[in-house]
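Construct the entire structure; sequences and hints are all you get.
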Amino acid sequence: MITKKYLNITILFIFFFLLGVIPISAKIDMGGELAASLINIVDNEGQISTYLQAGLDLELFLPSFDNTQAKFEMYFFNNYISGGFDYLIKKLYLKHKFEKLHLTVGRQPISWSFGSMLNPFDFSLGAVVMEEETGVKYQDAIEGHVPLNWNSSVSVVAAFPENSQNIKWGLRGRTVIEGYDLTLNYIQEPEMEIIGTIIPASKRIGFTGKGDLGPLGIYGTVGYYFKDNNNADLAYLIGGDYSHFFEAGNKVYLQLEYLSMKKGNLSSILGPFFSGNITNNSDEDVGLLLGLANYEIDEFSQISLITVSSLNDKSMIIMPGYRSQLSNNLSFDLDTAVCFGKDSTLFGPGLSEGIPKKPKAIIEAGFTYTF
Amino acid sequence: MMRKFKWFLLIGIIMLILFFSLIAIAAAEMTAEEIINKRDDNEYITSFKAEAEMIIVSGGRRITKAMLILSDKKNALVEFTNPQDRGTKFLKREDNLWMFFPDAEEIIKISGHMLKQGMMGSDFSYQDIMESDKLTDLYNFEIIREDEIEGRICYVLEGIAKEGVKVSYYRRISWVDKERFVGLKEELYAQSGRILKETRINEIKEIEGRWIPVDSAMENKLRKNTYTEFKITEVDFNPEISEGTFALQSLR
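Here the protein sequences come in this chain order: B and V.
Going by numbering that gives the first Met the number 0, the first sequence opens with residue 0, and the numbers climb by one from there.
Going by numbering that gives the first Met the number 0, the second sequence opens with residue 0, and the numbers climb by one from there.
No false leads were mixed into what you were given.
Straight-line alpha carbon distances no greater than 30 Å define the calculated DSSO-like cross-link-like pairs of lysine-lysine that follow:
#1 V:Lys-73 x V:Lys-161
#2 V:Lys-223 x B:Lys-250
#3 V:Lys-230 x B:Lys-250
Just so you know, these hints were derived from the structure itself, not from any lab.
Pasting the structure below:
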């Protein structure tokens, strides 16, 4: 599409134009983070492969003027599978706040998260908990945001996915009633081609809510996937969170949620890494139970445990983690993921027919420097 | 004649002594509410804009977080500016808290129980930083004694949370400078009677005719060797706050 083809060129042009017109005295700053980690992948036979992963996230902080804001953020990384270097433009957009409309044009993150670990009615699907959102949230798009009052708004998004010639549409309404944050999301996706596979056009509509019930935080979503094949689906998610102080002053944060949807629709949420065993019985209803426990050892260190389990086939993935803030700018992270389950199960490391083998475990340890 | 003058002089002196004694008695008889109100007159600000730093100290490690705070009577907007948290924003509207995550540019409502948690890993809770109610609206105070802190005489007051009012700490004991009516120390207790935190003021400045604590340290009494220092580096009282500032769209 012509619109799509010239969108980034136009934004890039405007961006450099803006750099030119901003007076030299204006404060332009650069920041970001440099991360390096060692990834160890343990396969089903117990063999370990080790890779070095490095990434540099660079963001240019430009002063906003006349209600106009420009953002530019790029991510450079080594692709440990191909061995080469790659980059991702995360943000390259212009936002202008008109009196009754906030218009954003260019590469921008579009996220409709509401606090759950999985969100089946996000604009771009991808599990935050599994860090699958990294790339999919950033879209070439035009967003119109209309604030109605301090807590209510309507947003319209027209995005131009890389793997489709057609426009992806999104419409979101948001309001707060009696302390509950409520949204209504509608997404219309065009037919897409991903690694040679045609993914048919689809629509989904979902209602989300988040608020408090006594000492508990509660949330949920319910909605419908409209699909021409057998994967039309009523999906829902319910969850809650709670935090508790121990006598010694340490804090534990707990989050638990349950997602019910058709197996065929899970692949887009769990991402390609976990979708290997999804193709069998794709119209089967699946119940996923997710748990998160986070324990603060002290002000700077915490351990966490995330579990995702399929109640249908009893497979499970367990992700323990440790994070320590070593200084103002330096942190250390240790993340692991271990898969449990029989062959052909959702999270099991075993082989399914015609599907590449999945690792038994991943251990990643690395440092991040922010500047 | 001389004798008469001496008598007048004596009576005059006695009357002066009586007068000043009465003033002193009147001052000494200030009620707890009057003292806290005078403290609120100093420290309670209807609206302000401030640049501040939070220095979290635990063991041998120190982490500094910088922020901009904009607050009015009921609402607050906080934006972090240090490299690690740059762009992270919080909006507090009465008892509700929203957080803006700069990477994905998403706004998420934070569960109510998180308001009592340490803000960004510090010993100050979200409520400590963003609570904007007058103390007399939240607690019933009474004077329990007088004490001295670093050479300054203080009223020591005990505040118990009013019934039906949501507060972070059930009981607080405050040391209020008798001369400047500014809090110099505070102990914060749970309903069980256990001490949770202690705040000490390191520096007070007179700004626009008010005594304001610009450097304070909060110690988490449940943990060892840990405290958070909160420094106000710049403050502007009653700034112009445009309509729609304390709104979700201003986080984006």
